[in-house]
Amino acid sequence: MKTVFQAAILGAAVLPAAPAAAQTEISMWFGLGGRLQDEVLAQCDRFNAAQSEVRITCSREGTYDEILQKAIAAYRTGNHPQILQVVDRGTGTMMLSDAVVPAHELVATYGLNVDWNDYFRVIGNYYADSEGNYWAFPFNSSTAMVYYNTDALAAAGYTSFPRTWEEFDQLLVDLRDKAGFSCPLAWSIDLWSDMEQFSAIHNIPVATQNNGYAGLDAELVINQTPFVAHMERQLGWYRDGLVKYDPAFDARRSMFVNGECAMFFDSIAGYTSAQDLAAETGVKWTVAELPHNAGVTPINNLVGGAALWTMKGFTEEEYRAVGAFYAFLAEPEQQKLWSDGTGYFPVTVQAYEDLVAEGYYQRPENLNRDLAVKSLLRGEPTDLSKGIRLGNYVEIRNIITEELQKALTGDVTVQAALDTAVERSNILLRRFEDTYAGRTLP
Amino acid sequence: MLKRVLFESRWLPYALLAPQILIVFVFFYWPTGQALFWSFTLEPPFGGAATWVGLRNFGDILASGEYWQAAVNTAVFALATTVVSLVLGLLFAIFADRGLRGLAIYKTGIIWPYAVAAPAAAVVWQYIFQPSVGYFGILNLVWPGIWNPLLNGTHAMIMVIAVSCWLSVTFNFVFFLAGLQAIPNSLVEAAALDGAGPVRRWFDLVFPLISPTFFLLIVLNVAISFTEGFGVIHVMTQGGPGNATEILVYKIYRDGFVGLDFSSSSAQSVILMGLVVVLTLTQFLLIERKIHYAGDDKGTRR
Chain A
1 MKTVFQAAIL GAAVLPAAPA AAQTEISMWF GLGGRLQDEV LAQCDRFNAA QSEVRITCSR
61 EGTYDEILQK AIAAYRTGNH PQILQVVDRG TGTMMLSDAV VPAHELVATY GLNVDWNDYF
121 RVIGNYYADS EGNYWAFPFN SSTAMVYYNT DALAAAGYTS FPRTWEEFDQ LLVDLRDKAG
181 FSCPLAWSID LWSDMEQFSA IHNIPVATQN NGYAGLDAEL VINQTPFVAH MERQLGWYRD
241 GLVKYDPAFD ARRSMFVNGE CAMFFDSIAG YTSAQDLAAE TGVKWTVAEL PHNAGVTPIN
301 NLVGGAALWT MKGFTEEEYR AVGAFYAFLA EPEQQKLWSD GTGYFPVTVQ AYEDLVAEGY
361 YQRPENLNRD LAVKSLLRGE PTDLSKGIRL GNYVEIRNII TEELQKALTG DVTVQAALDT
421 AVERSNILLR RFEDTYAGRT LP
Chain B
1 MLKRVLFESR WLPYALLAPQ ILIVFVFFYW PTGQALFWSF TLEPPFGGAA TWVGLRNFGD
61 ILASGEYWQA AVNTAVFALA TTVVSLVLGL LFAIFADRGL RGLAIYKTGI IWPYAVAAPA
121 AAVVWQYIFQ PSVGYFGILN LVWPGIWNPL LNGTHAMIMV IAVSCWLSVT FNFVFFLAGL
181 QAIPNSLVEA AALDGAGPVR RWFDLVFPLI SPTFFLLIVL NVAISFTEGF GVIHVMTQGG
241 PGNATEILVY KIYRDGFVGL DFSSSSAQSV ILMGLVVVLT LTQFLLIERK IHYAGDDKGT
301 RR
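First to last, the protein sequences are chains A and B.
Quick note: the first sequence uses the UniProt record's numbering, first residue 1, plus one each step.
Quick note: the second sequence uses the UniProt record's numbering, first residue 1, plus one each step.
Since the hints were made in silico from the structure, they are not lab data.
We put the beta carbon where it would ideally sit given N, CA and C, even for glycine.
Errors might be hidden in some of the hints.
Across the chosen pairs, the derived CB separations fall in these ranges [said to hold, decoys possible]: (1) A:Gly241 - B:His234: 26 to 36 Å; (2) B:Ala115 - A:Gly62: 19 to 29 Å; (3) B:Pro13 - A:Gly62: 41 to 51 Å; (4) B:Gly47 - A:Asp250: 45 to 55 Å; (5) A:Thr57 - B:Leu141: 47 to 57 Å.
Far from chain B by the CB rule (all over 12 Å, computed), these chain A residues [to be verified]: (6) Gly33; (7) Ala49; (8) Gln69; (9) Ala99; (10) His104; (11) Val107; (12) Trp165; (13) Glu167; (14) Val221; (15) Ser254; (16) Lys312; (17) Phe314; (18) Asp354; (19) Asn392; (20) Gln405.
Extracted from the complex, chain B is given alone in its bound form (with noise of 0.2 Å):
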């Protein structure tokens, strides 16, 4: 039987809950309504009449191939760094999960990344893989040619990608990590009494019992790398050579800050806001299934 808490007053909740509502209103209903109605116009720049045209800029983001190679881009850009940054920080947690000797001071180098921002890291990163005069000229000294991401579109996309995944593995490192060493010593001494190897151990064991970390940050990893990598883009390439490296949240910002074509932009963030949207609950209905909670009983009760 639950305890049922119930205010005196009318509209006393309504009261405390209005600051909160209203933050979320001013900084998310509010520019959301506004980017949806200026995807149905044509809005002017500096303000004044909008054109209303009905479906017209969703009709041109479609019919543009510009618009699905940044879908391409996007879906390339987002699996590799989920991928790497994900494999990465897992492969670093296990190591730190060892009683290593100045294990804190791994940590923290590990986990330093972190606060650097991204833009910041990509200036650094663009001397790095700068092809004439960076550390990476030294590949061209002695193959000419051979790296080269201000012209090749795949070089460039490489390069973002490694930027965008140093920057997440620190992340995932550390919620792994947490996942490591939530799991009670004596389950995994049980298993090794019991005569289970280390993979033994690790896939009938620490997988599942840190599987819902490993859930959480896909969701996160995907969603971050579907609305993040623009500071790094927008320092290292601006989307170029050619398109090659202009994924959907550049392009909004593209369209819309630069080429002040606020409708299109508009149209193109609803989109991309559906997308994100249909992707977690995809992956809510097909992954979490798999997942077993520890200490309830969502697990069961499927």
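In isolation and in its complexed conformation, chain A is listed as follows (with noise of 0.2 Å):
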């Protein structure tokens, strides 16, 4: 009887790990936190649930910046993930990192099963070399919208929402006057939306050598575009009081669920987040297009998100491990199930139109989600609305920014600020040009 016990114990022990010894080991790390971590938590339990030759682990290694750095400190020493989610403005450096496996080669050595035709062009522009070759995958895809809250817009006499910022400047007096709100709008200088999707929309360009793709000798421009009297409209709601200022994302969003602000601006891929948190509080609320100048023709919003690169140093059977992941995450079943539960869109069309067929978009829970989609295939993408690739873009942003909170004291115009924010911004681009010395952009 004992050794019946001890050989029942024993084969417990012994079972799980033999088919484990078949299996291929990968890691991703990723930086989307709250809600989103739980979505790509169980994206990674769906791949290991669906197939046994792979297991993956998938862990959050802190915010987008702070991936980048312990990914750098982790290839220096030889510890890194072989899949590593990088964000759309880190592009630049990865490409010249030397420390990837560009995808469109990883697919064609390894004879991959990939679709490149079925991702959005608009998205893969972002991470595509001069050729339109891949060198990462798309994974999470989103574009800047706006959140407003339906009651308020019907108590200030709107039927629908504004499409021009002329108009824009209206309703948020009209909000104040009409809808009684002493927060039109919880806003903040975000330059992802006020300048990257701002002038991929109007077709204007944020550096020389089309916002860098065609260079390392790119310079910033921002101070010469119709970017200055865009910010100078924002600043002069914060002047007259019609926005609240809070540089903190997370308070921005709790006012307008609480109903405070009528207004704010974010990601598509907070949509779920906000009908979480909009639930407990009984806001009613829906997202909008970004508006644009009058008397343009807007073309392509400028796709946000981040992208999972491959990175160097592996074997072929892991090669191929990562290869099944990727193949796995564009299965339209599988792109479906994670924009439903983040609020990103698919990033292939198959997945977008099934939904569309579905009557996905339709529904009362869903209304105006497609809105993004639709934001990002408006007109044809020049050379200026593919995306932004410029070194040390990380800090150029912050430097921007940094700047323009100058000009919100009232220390500076709006012109000089960013001014100083351009010759401060090209200095950095010179170093980063000359720490690549004699190397080009693919």
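Take each chain as given, in its own frame, and dock them per the hints.
Written as structure tokens, this is what we have:
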């Protein structure tokens, strides 16, 4: 009797280990937090459950900026993961890093089953080289939207959301005077929507050399475009007391979902999170496309989000496992689950069309979510609406924000602030260019 | 005649020292050497061929207005936190040095904040200082716009100084209290019998006796304020608004880790290290002359 028990215990201990030996272990680092983190982990679990050859371990290693820092330290010591999620603005750094296997090479080398044409081109543009080859797999993609309180808009006498910034100015006044909102808009300086999206929609450059795509010698030109007037407009709202300023995103969102402020700007990726929060307070809301200047035909919004990069230094077996994971993510069913759970839109055309055909966007809880995809597909992308590919770009964004904050306190004019920002940023661009002396962007 | 102790073996002392030296080397000299090397190159984030650029990084730094702004911010921050937390620490210690009832409770209460990690404290204080929903929002209800650290650089600086002081007062308190309690009661009583009042006793007796403590704390506080403050600033202001609360150590972090400009960040570290060394040396040369260490002949030797 005793030996039977022992055998059973031994068997139980040994059995789970047996298939594990045949499994290929890979890992992915990602930077999404909160509800989005749960969705990434759920996706990894679904992959592990769906097959037995590969086991992926997904771990959140901090914010977008923090995982890039950690990955750099890890790569230098050889402890990096196979897959790294890198935010859009890190694309230039990754392409020049010599630390990655370009996605198109991975697919070609191992004969992986990936249909590049199924990815939305406007998303892939951000991560593609000058010949249109993908360097990373589009993962979480979003764009900026206006979130607004529908009751507030109705009380201000509106039946549809304004399409131009000029009308938006009036809307702020009406929300205050007619709808009685002391805070029509929870606001901060957010260069993603204020500068990147605005510039793409209006087909104006952020930097020379097609926003850096065509060469490392790019220089910022944001002090010479309609972006200057756009920031003056927003600082005007602040001076007129039409917006409540808070640089903390969570604070702006909570002012919106608790009904104190009638609008705020956020990524479409925040859709389900806002839904959860507003369900507790009962505030009714929906999303609208970002407005554009009057007299301008808007083209596509800029895609935002992050992509999955494959790191160098692993075996063929591991790269095949990585390929299997990417192929799994691109399956329409997985894209739909991911999009539904998060708010990001599907990155493949097939999955999006399936959702449209199913009537997904007609359901009350998903109303207007498709506006994000529509704003991305609006018009034909130009060389100025593909993305921003500048070195030291994370820091450059900090510099511009910092200088604009000085304009906000009234210390300097917007023009002067942007002149200083351009001057400071160009020094960083030259440092970046010299760091990679003799190299060119692919 | 000093008794000389010698090891019989030549290598034994080195073997005994080796673990220590190894630790110091791995955790101090190696990174410092690396930083020194990087400060003369342009280093790509993911590694690879670094370009030797001589003194360019230092030139770029010294030519940048933001760097000098950060230097001024650091001076203001260091001076204010050192003065305020030393004065308050001393004041609390003087009060606690008297035989009050429930003294143990006061002492524990004052020492407590030292156990709170800087970022944790900063999160709590951020809520308190928040201009619209925090406790300080009350000020704005009475006088609209009087308190806004989100936009006003001076307010933001006051805020991070206040929180840093709150964290370091306790450290000073512990040292001062120990210093005060080490003064023999007989001395104080003798002075009192001679007719010296509390103020007189303080300046002519107590202060000279705790001056070594005072000196130690000045050196420590100045050095610490140059490098600490990071946790508080990182959580509360991220160096903003504008760059009103960006101190040198925060700029090093931001340029290096956020901006991935390892070379500029290394060069700034080298400059900061030099600065702290010079400052500490100056303190030793200028202030230590005036210090009398009880129980040794250092004071009389000069």
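How the hints compare with the structure:
| no. | hint | verdict |
| --- | --- | --- |
| 1 | A:Gly241 - B:His234: 26 to 36 Å | holds (31 Å) |
| 2 | B:Ala115 - A:Gly62: 19 to 29 Å | holds (26 Å) |
| 3 | B:Pro13 - A:Gly62: 41 to 51 Å | holds (45 Å) |
| 4 | B:Gly47 - A:Asp250: 45 to 55 Å | violated (36 Å) |
| 5 | A:Thr57 - B:Leu141: 47 to 57 Å | holds (51 Å) |
| 6 | Gly33 | holds (16 Å) |
| 7 | Ala49 | holds (34 Å) |
| 8 | Gln69 | violated (5 Å) |
| 9 | Ala99 | violated (4 Å) |
| 10 | His104 | holds (20 Å) |
| 11 | Val107 | holds (22 Å) |
| 12 | Trp165 | holds (23 Å) |
| 13 | Glu167 | holds (28 Å) |
| 14 | Val221 | holds (21 Å) |
| 15 | Ser254 | violated (9 Å) |
| 16 | Lys312 | violated (10 Å) |
| 17 | Phe314 | holds (16 Å) |
| 18 | Asp354 | holds (38 Å) |
| 19 | Asn392 | violated (6 Å) |
| 20 | Gln405 | violated (5 Å) |
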